[in-house]
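Chain by chain, the residues run as shown.
Number of protein chains: 4
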Amino acid sequence: MKKIGFIGLGHMGGPMALNLVKAGYALKVFDLTPSALKKLSAAGASTTASAIDAANDVDVLITMLPSSPHVNQLYLGECGLLKTISGQPLIIDCSTIAPDTARDVSTAASKRGLEMLDAPVSGGVAGAEAGTLTFIVGGEAKALDRGRAILECMGKNIFHAGDHGAGQVAKICNNMLLAIQMIGTAEALQLGVNNGLDPSVLSNIMNKSSGNNWPLELYNPYPGVMDNVPASRDYEGGFLVDLMSKDLGLAMEATLSSKSTTPMGALAKSLYTLHSSQGHGDLDFSSIQKLFSKKGSKP
Amino acid sequence: MKKIGFIGLGHMGGPMALNLVKAGYALKVFDLTPSALKKLSAAGASTTASAIDAANDVDVLITMLPSSPHVNQLYLGECGLLKTISGQPLIIDCSTIAPDTARDVSTAASKRGLEMLDAPVSGGVAGAEAGTLTFIVGGEAKALDRGRAILECMGKNIFHAGDHGAGQVAKICNNMLLAIQMIGTAEALQLGVNNGLDPSVLSNIMNKSSGNNWPLELYNPYPGVMDNVPASRDYEGGFLVDLMSKDLGLAMEATLSSKSTTPMGALAKSLYTLHSSQGHGDLDFSSIQKLFSKKGSKP
Amino acid sequence: MKKIGFIGLGHMGGPMALNLVKAGYALKVFDLTPSALKKLSAAGASTTASAIDAANDVDVLITMLPSSPHVNQLYLGECGLLKTISGQPLIIDCSTIAPDTARDVSTAASKRGLEMLDAPVSGGVAGAEAGTLTFIVGGEAKALDRGRAILECMGKNIFHAGDHGAGQVAKICNNMLLAIQMIGTAEALQLGVNNGLDPSVLSNIMNKSSGNNWPLELYNPYPGVMDNVPASRDYEGGFLVDLMSKDLGLAMEATLSSKSTTPMGALAKSLYTLHSSQGHGDLDFSSIQKLFSKKGSKP
Amino acid sequence: MKKIGFIGLGHMGGPMALNLVKAGYALKVFDLTPSALKKLSAAGASTTASAIDAANDVDVLITMLPSSPHVNQLYLGECGLLKTISGQPLIIDCSTIAPDTARDVSTAASKRGLEMLDAPVSGGVAGAEAGTLTFIVGGEAKALDRGRAILECMGKNIFHAGDHGAGQVAKICNNMLLAIQMIGTAEALQLGVNNGLDPSVLSNIMNKSSGNNWPLELYNPYPGVMDNVPASRDYEGGFLVDLMSKDLGLAMEATLSSKSTTPMGALAKSLYTLHSSQGHGDLDFSSIQKLFSKKGSKP
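Residue numbers (the numbering used here), protein chains in the order written: chain H, 1 to 299; chain L, 1 to 299; chain V, 1 to 299; chain X, 1 to 299.
Some hints could be false.
For identical chains, the list gives no copy identity; a pair is met inside one copy or between any two copies.
With a straight-line cut-off of 35 Å between C-alpha atoms, the simulated DSBU-like cross-links for lysine-lysine are [said to hold, decoys possible]: (1) Lys83 <-> Lys111; (2) Lys290 <-> Lys38; (3) Lys294 <-> Lys38; (4) Lys246 <-> Lys111; (5) Lys3 <-> Lys208; (6) Lys290 <-> Lys2; (7) Lys156 <-> Lys39; (8) Lys290 <-> Lys259; (9) Lys259 <-> Lys83; (10) Lys111 <-> Lys294; (11) Lys290 <-> Lys3.
Everything labelled a hint here was simulated from the structure, so no lab data went into it.
All chains, please: the whole structure from these sequences, using the hints.
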């Protein structure tokens with residue numbers, strides 16, 4: 001059975017690592033937070049005192065970190081893993097980061113003779129816990145083949161987006177589009193309500209027409225239209241405004257560096273930053289509905 | 001068998017009327033264009049010399065006109081139908097117009113003791129010909145019951161959106177959202193392509209993820225990704241930029257009159273007007289993809 | 001000395017009429033609010049019981065009403081002035097309304113053989129009281145010559161923008177641009193502050209550089225940079241958000257009807273409507289600065 | 001007399017260095033382009049074979065480079081100046097770059113015991129040649145005092161914006177605001193023209209009203225309104241679209257890194273990138289007027 005090193009045991013990384021333990025893999029894990037380590041230890045993983053200890057002499061190394069600078073520092077910093085690591089692990093970075101950072105790290109890994117994949121996920125904490133994440137993977141096909149069985153212990157859908165960095169690009173594009181259509185859906189629903197329509201009736205009509213999209217099907221932002229979505233529990237939980245705003249920031253960086261034109265994406269970024277600055281950063285991202293409601297009215 | 005009057009035999013109204021003839025109804029039809037009348041006459045409808053002749057003494061009167069002023073003039077003008085009509089027809093206006101105009105006309109009809117529905121359609125010329133249109137209906141439920149069998153000869157889905165004008169509001173909201181997600185999809189695809197992704201691969205990933213929407217499923221705007229869509233025939237046919245721009249104009253009027261906030265919708269209107277002003281008004285609305293392509297690159 | 005009829009004695013119309021009384025004109029005035037009439041009566045104007053009484057048998061008729069429907073109703077309604085008025089007054093409408101309404105009314109006036117000017121003002125209540133308003137006039141040059149001396153009793157600058165309706169168009173364009181540069185100024189100042197700059201230093205630099213504009217010179221939106229502006233008294237008084245939002249609504253209607261493209265203007269409209277919906281409709285329009293401040297920070 | 005090293009002799013740096021030669025300073029200059037060196041040599045400067053040769057043993061070192069990576073590489077690269085330079089020059093970097101880069105370099109300079117200023121300019125090639133540039137300076141006041149006499153040989157206005165990086169921030173804010181009001185002015189003028197106004201008349205009215213701004217005063221974007229501006233010579237020369245787009249990119253990066261909200265700035269960036277992608281990158285930035293003109297109409 002393969003040995004896996006796993007660094008980064010937060011809201012996402014923790015349950016992902018747990019699923020690998022449950023699947024029978026031998027895990028060495030590291031995180032800066034002792035309580036995160038304790039949970040994995042209780043489940044049967046061996047904990048380590050440093051990132052490099054978790055990374056040495058494993059078959060696969062998985063990292064799940066908050067942002068580009070963390071990944072850059074871990075792999076390419078002064079005492080970075082790629083300078084010191086022993087063994088020939090397949091490296092899978094599941095962090096959502098800038099495509100340029102993903103390419104920089106994989107290029108450095110390649111110089112060391114190591115295969116690397118960028119494999120950002122979607123599906124949220126619930127998907128991480130249930131093992132039903134979607135992995136959007138960049139890198140060489142044979143490296144993906146080498147890691148596929150392990151990814152399948154943590155996720156349901158595994159997409160090969162293209163070469164190194166392509167996983168990040170595809171995730172960024174998807175989430176930018178998601179933000180645009182979430183805001184668009186909120187605008188359309190409020191416009192209907194302000195003109196006398198019932199939001200459930202309007203949602204149902206658009207859901208069966210050319211206005212249909214993922215939020216209308218599964219994640220309606222208007223309170224009371226759907227059960228079991230954040231809109232029906234005061235926008236608690238789910239995918240936070242500040243995380244969406246971070247992903248939109250990556251989309252804007254990719255837009256700038258590739259001289260692309262994304263006016264809708266840029267407006268979505270402005271609106272989510274505005275919404276966060278008004279104190280809603282830790283609500284679910286469907287709470288953008290609140291921005292369009294009139295004062296004193298619901299929602 | 002019921003007698004039907006039908007006024008407005010253009011690209012949409014013509015095939016709609018034909019389907020009613022085929023279903024066995026006795027039709028009196030009127031249009032300002034002789035060739036349109038000839039086609040219906042050949043199919044078995046009786047043609048009339050004026051709108052009022054088509055409207056008198058029928059069980060159901062259907063109108064399909066280009067815009068609010070036309071509808072206003074036909075029903076409420078100096079010699080408008082509501083001043084002169086004989087009989088007690090159910091009136092069904094299938095034009096896409098301002099909700100306020102729809103309400104004005106139905107209020108006037110009601111004063112004359114006539115039931116009226118606003119019933120704008122979606123589905124395009126192809127849907128009109130195949131009898132598979134979607135009708136989004138505003139007005140009283142019992143009036144809709146009275147007209148349902150006839151609408152079912154022309155369409156597949158019939159939604160009751162609410163009271164008078166609600167059919168127009170729902171259609172406007174749907175099409176505003178459609179425009180937003182079409183543009184968002186075009187931006188996301190081009191951003192991916194500009195960062196090295198294959199548009200088909202990216203479309204497939206987003207289609208199975210939270211970025212999914214109606215254009216990604218059925219109407220991909222990037223050339224070569226889907227067969228049998230306008231993007232794969234130089235954006236010919238389909239739903240024209242200028243028609244989408246007209247519907248967005250109605251959405252903006254509804255936004256202004258209800259003091260709503262629709263920043264994405266407003267940006268969509270600006271971008272479609274810009275696209276039209278650059279000479280693309282009679283291309284399919286998915287041609288907005290061209291706005292985001294780089295000079296010299298494809299598309 | 002000429003006789004003047006004056007209808008509409010609100011925040012603007014009241015002091016405008018007072019300045020005409022002070023200049024020695026014989027005024028007949030009407031308003032629906034008794035207290036407004038009382039103030040003019042005390043100053044020496046004769047009050048009337050109806051609009052038509054104020055309009056009959058005067059040399060010049062001035063109207064100052066809140067919006068297009070009011071103007072439309074007063075002049076063109078069932079018992080509208082243009083059906084009943086006696087005498088040959090020059091008509092000057094100082095309301096800020098849709099250019100189309102201005103043209104409709106002046107066309108109807110012309111059919112009755114009456115000369116008419118659209119003459120919307122800028123300068124606010126302070127300018128109305130001080131007699132320093134700016135008049136932006138549409139209509140024929142000789143009609144303007146006929147009314148110029150009277151306008152000069154109420155204002156300092158009198159611009160001839162063009163034919164009927166042109167006064168309204170020019171005012172709408174000016175105020176749209178004002179809104180855009182007020183928001184742009186607020187964004188730029190907050191971006192500087194968020195990156196460590198002193199707002200006064202930055203204002204001074206931009207004021208002397210290519211970023212200069214009217215708000216930077218006379219109406220800085222950042223609290224504490226200028227004395228005697230609304231920003232330095234919690235945005236009280238001045239030109240209200242809801243009035244700017246109304247003018248932006250007229251700009252959007254003109255955009256739609258002329259198939260123009262005004263993406264910045266449309267975004268300005270969205271942002272002012274949003275700002276108003278969050279409870280700031282009766283603050284000065286420079287309060288848009290608040291939209292860009294971070295939670296817990298100033299302003 | 002002080003010795004000055006000058007690196008970067010392009011469109012801006014060339015004439016700036018010439019003005020220093022004319023003022024009597026002893027210049028050592030370097031550029032990668034031989035023709036640029038030749039021109040300075042002819043004027044009396046001594047040319048060097050490398051950047052480090054120009055930088056060693058001078059009293060003041062001035063650099064004028066195209067973008068952040070160039071500055072980063074020159075000062076902080078593997079053989080960067082700050083590792084090898086001899087002497088104690090005051091360093092003045094006149095490049096327009098990211099504030100973060102400016103701060104990184106000045107921090108490194110400070111560790112070496114060297115004073116440094118970021119001093120981006122505005123005023124264009126004409127201002128560089130005439131010695132009338134505006135310098136917007138970040139850094140310590142005493143360092144600015146040390147360099148002021150030299151800056152005054154090249155420019156007319158010298159602003160102290162604040163600490164290290166503040167010069168860059170202030171320039172970015174100014175140019176973002178300039179872009180917003182240039183676009184806003186173009187929109188307003190075209191809206192007026194589309195509604196029947198003469199662009200000169202409308203420009204004059206707004207110039208004397210609250211719509212006034214720098215473009216209306218000195219740089220009108222509508223062809224034929226002003227002589228001697230790019231709009232009246234097919235938008236040739238001036239401040240290029242691609243340079244404005246670069247500055248807007250810096251503004252967007254500063255927005256992202258400071259979690260600011262700049263919706264107008266973001267829209268301006270999208271519109272300039274779009275305009276460039278349609279083939280207008282090397283026109284003057286007032287050519288954005290073309291984006292709003294209707295097909296077949298002028299401009």
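Each hint tested on the structure:
Taking the shortest Cα distances, Lys83 and Lys111 sit within 35 Å of each other both inside one copy (11 Å) and across copies (27 Å). With identical chains, the CA atoms of Lys290 and Lys38 are never at most 35 Å apart, being 39 Å at best within one copy and 45 Å at best between copies. For a Cα distance limit of 35 Å, the shortest separation of Lys294 from Lys38 qualifies neither inside one copy, at 47 Å, nor across copies, at 38 Å. Within a single copy, Lys246 and Lys111 get their C-alpha atoms as close as 30 Å, and across copies as close as 33 Å, so both meet the 35 Å cut-off.
In the homo-oligomer, the alpha carbons of Lys3 and Lys208 lie at most 35 Å apart only across protomers (32 Å), although the nearest pairing inside one protomer, at 48 Å, exceeds that limit. For the identical chains of this complex, Lys290 and Lys2 are neighbours neither inside a copy (48 Å) nor across copies (49 Å), given an alpha-carbon limit of 35 Å. Taking the shortest alpha-carbon separations for Lys156 and Lys39, only the intra-copy value of 24 Å comes in at or below 35 Å, while the best inter-copy value is 55 Å. In this homomeric assembly, Lys290 and Lys259 come within 35 Å of each other (Cα to Cα) both inside a single copy, at 33 Å, and across copies, at 15 Å.
Both within a single protomer and between protomers do Lys259 and Lys83 lie at most 35 Å apart by alpha-carbon distance, with minima of 34 Å and 34 Å respectively. In the homo-oligomer, the alpha carbons of Lys111 and Lys294 lie at most 35 Å apart only across protomers (34 Å), although the nearest pairing inside one protomer, at 57 Å, exceeds that limit. Taking the shortest alpha-carbon separations for Lys290 and Lys3, neither the intra-copy value of 47 Å nor the inter-copy value of 49 Å comes in at or below 35 Å.
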